[in-house]
Amino acid sequence: MRWNSIRTKILAVLIACLIAGLAGILALMHYSFERNSQVLAGESVTGAQKLFAILEAREISKMMAASDILLADGQLRDALVARDRGRLAQLTAPLYVQLKREGITNWMFHTAPDMTVFLRVHNPPKFGDHLNRFLDQQVQKTQTPVTGNELAKAGFALRILRPVDAADGTVTGYVELGEELGQFIHTMKNQTGSDYALLLSKKYLDRQFWADSSAVWHRRDNWDDNPSFVIADKTASSDDILRFNGDLGAIAPQGTVLERFQRGNSVFVRGIFPIYDAAGHTVGAMFVVRDISGFYLAMRHTQNILVLVTIAALVVGMVLVLVLLNRLVFRRLQQIIRVATRLVGGDYESQIPVTSNDEVGELEQLFEQFRQVFVDLLRLSEKQLRA
Amino acid sequence: MSQLYDMRMQIEAKIKSSGLDAMDVKGKIGLRSGKLLAFITPTTPDDPATVAKLKAAAKEILNLSL
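If you read the protein sequences in the order shown, they are chains A and B. Numbered by this note's numbering, the letters in the first sequence go through residues 35 to 421 in order. Numbered by this note's numbering, the letters in the second sequence go through residues 27 to 92 in order.
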């Protein structure tokens with residue numbers, strides 16, 4: 035191969051185009067994948083946020099409906115009006131078993147107007163205290179049903195609180211139902227397949243209560259795992275995919291995508307969105323981890339096909355260009371060189387065929403005319419030499 | 027007889043013995059040396075520059091040392 039030939043130069047340019055084309059396609063695919071995985075991650079976060087809101091609304095409706103039924107029971111109301119804790123506990127115990135099965139784990143009665151805890155149906159021995167939480171204040175102020183999330187010293191729950199009227203229409207107390215928010219993530223996992231974790235800000239938790247509740251629920255005390263939050267519940271078996279070093283309070287209301295990462299053959303994206311309590315404080319966050327391996331593999335497959343198709347198209351294109359150049363230019367130039375060489379060697383008969391009226395054809399025609407003049411001169415010179 | 031003509035004879039003998047395309051080889055030598063072999067006669071004067079060019083062309087194209 036001659037390195038200074040036009041053929042080699044064109045081949046080099048075509049190979050450079052091939053490499054540049056492939057690099058461009060790979061860069062495009064990479065960009066496209068990055069963009070799509072960002073979109074998927076974003077959708078996972080917003081989807082989880084919407085699902086969480088739907089579950090909240092559904093569970094509030096359920097607890098409101100349950101409280102409607104409970105308050106329609108005159109015996110319960112009479113026991114509260116009579117401040118008969120024993121009677122109230124006796125009446126509510128079997129009902130609590132049913133409610134607990136439906137996820138309602140907290141059930142309390144408060145007395146009015148002081149908002150003292152009269153009976154914890156889920157923990158009867160403990161009573162007589164004042165919780166003075168935001169929802170307690172709200173229901174006292176409005177005397178209408180209130181709902182919302184509230185972070186207690188040892189956990190996070192969705193609660194409803196509503197007044198209980200006595201026969202004369204005065205408010206005799208309040209009934210409260212609550213569900214642990216941690217259980218939502220398992221429902222969300224079942225519906226979407228993604229993994230979730232509920233993070234709670236340590237700022238609103240009590241260290242000792244967290245240790246005690248961990249012991250009660252037979253879970254590992256994970257208080258020291260993270261500096262500013264604890265993982266209240268999670269669907270993933272491993273904690274290492276739930277890393278978060280930021281400040282829960284700084285998470286944007288619409289949530290944020292954190293990163294894409296790989297574990298073995300699986301590719302995940304993760305994001306986080308804030309969870310607010312009834313007072314509007316960012317008391318926790320929901321961590322979303324979505325497995326995008328299927329999408330990743332499909333993208334890889336498409337990329338491989340695209341690369342192969344591009345290589346094949348470019349190779350075919352290169353061959354076609356070279357064949358065309360060979361036929362239209364190089365072969366005809368070689369014929370001119372061959373005839374010119376033979377002419378100098380004494381072959382006055384070989385002619386240059388003019389095969390086309392293109393640029394090379396013009397050269398062929400010009401050279402043939404020149405050859406005829408040159409042959410005449412050579413013959414004349416030979417004649418003079420012989421003379 | 028000039029040296030150039032003697033060289034021409036040697037070149038033509040080499041071409042004949044090796045069975046090459048005579049016109050093609052003579053053409054290449056002529057183009058390389060700048061001298062048409064057909065115009066070299068026994069009386070052609072031995073210009074040293076032309077002798078050197080013809081020697082180089084014969085060596086390069088026919089591998090013939092003159």
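If you're looking for bench data, these hints aren't it; they were derived computationally from the structure. Be aware that one or more of the hints could be misleading.
[Said to hold, decoys possible] Think about it this way: if two alpha-carbon atoms lie no more than 30 Å apart in a straight line, the pair counts; the simulated DSSO-like pairs of lysine-lysine are:
| # | chain 1 | residue 1 | chain 2 | residue 2 |
| --- | --- | --- | --- | --- |
| 1 | A | Lys-236 | A | Lys-175 |
| 2 | B | Lys-81 | A | Lys-417 |
| 3 | B | Lys-40 | B | Lys-79 |
| 4 | A | Lys-417 | B | Lys-42 |
| 5 | B | Lys-42 | A | Lys-43 |
| 6 | B | Lys-85 | B | Lys-54 |
| 7 | A | Lys-237 | A | Lys-134 |
| 8 | A | Lys-84 | A | Lys-236 |
| 9 | A | Lys-236 | B | Lys-54 |
| 10 | B | Lys-40 | A | Lys-43 |
| 11 | B | Lys-79 | A | Lys-237 |
| 12 | A | Lys-160 | A | Lys-84 |
[Said to hold, decoys possible] The calculated label-pair distances, taken between Cβ atoms and stated as ranges, are:
| # | chain 1 | residue 1 | chain 2 | residue 2 | range |
| --- | --- | --- | --- | --- | --- |
| 13 | B | Pro-71 | A | Glu-416 | 13 to 21 Å |
| 14 | A | Ser-390 | B | Gly-60 | 52 to 60 Å |
| 15 | A | Leu-411 | B | Leu-46 | 21 to 29 Å |
| 16 | B | Gly-60 | A | Thr-389 | 27 to 35 Å |
| 17 | B | Leu-46 | A | Thr-336 | 52 to 60 Å |
| 18 | B | Gly-60 | A | Ala-46 | 31 to 39 Å |
| 19 | B | Thr-69 | A | Leu-354 | 55 to 63 Å |
| 20 | A | Val-349 | B | Gly-60 | 21 to 29 Å |
Beta carbons: idealized from backbone N, C-alpha and C, even for Gly.
To see whether the hints hold, each was checked on the structure:
{"no.": "1", "hint": "Lys-236/A to Lys-175/A", "verdict": "holds, 29 Å"}
{"no.": "2", "hint": "Lys-81/B to Lys-417/A", "verdict": "holds, 27 Å"}
{"no.": "3", "hint": "Lys-40/B to Lys-79/B", "verdict": "holds, 18 Å"}
{"no.": "4", "hint": "Lys-417/A to Lys-42/B", "verdict": "holds, 25 Å"}
{"no.": "5", "hint": "Lys-42/B to Lys-43/A", "verdict": "violated, 38 Å"}
{"no.": "6", "hint": "Lys-85/B to Lys-54/B", "verdict": "holds, 12 Å"}
{"no.": "7", "hint": "Lys-237/A to Lys-134/A", "verdict": "holds, 29 Å"}
{"no.": "8", "hint": "Lys-84/A to Lys-236/A", "verdict": "holds, 25 Å"}
{"no.": "9", "hint": "Lys-236/A to Lys-54/B", "verdict": "violated, 93 Å"}
{"no.": "10", "hint": "Lys-40/B to Lys-43/A", "verdict": "violated, 37 Å"}
{"no.": "11", "hint": "Lys-79/B to Lys-237/A", "verdict": "violated, 97 Å"}
{"no.": "12", "hint": "Lys-160/A to Lys-84/A", "verdict": "violated, 36 Å"}
{"no.": "13", "hint": "Pro-71/B to Glu-416/A: 13 to 21 Å", "verdict": "holds, 18 Å"}
{"no.": "14", "hint": "Ser-390/A to Gly-60/B: 52 to 60 Å", "verdict": "violated, 33 Å"}
{"no.": "15", "hint": "Leu-411/A to Leu-46/B: 21 to 29 Å", "verdict": "holds, 26 Å"}
{"no.": "16", "hint": "Gly-60/B to Thr-389/A: 27 to 35 Å", "verdict": "holds, 31 Å"}
{"no.": "17", "hint": "Leu-46/B to Thr-336/A: 52 to 60 Å", "verdict": "holds, 58 Å"}
{"no.": "18", "hint": "Gly-60/B to Ala-46/A: 31 to 39 Å", "verdict": "holds, 33 Å"}
{"no.": "19", "hint": "Thr-69/B to Leu-354/A: 55 to 63 Å", "verdict": "holds, 57 Å"}
{"no.": "20", "hint": "Val-349/A to Gly-60/B: 21 to 29 Å", "verdict": "violated, 44 Å"}
When held up to the earlier numbered hints, the structure conflicts with 5, 9, 10, 11, 12, 14, 20 and fits the remainder.
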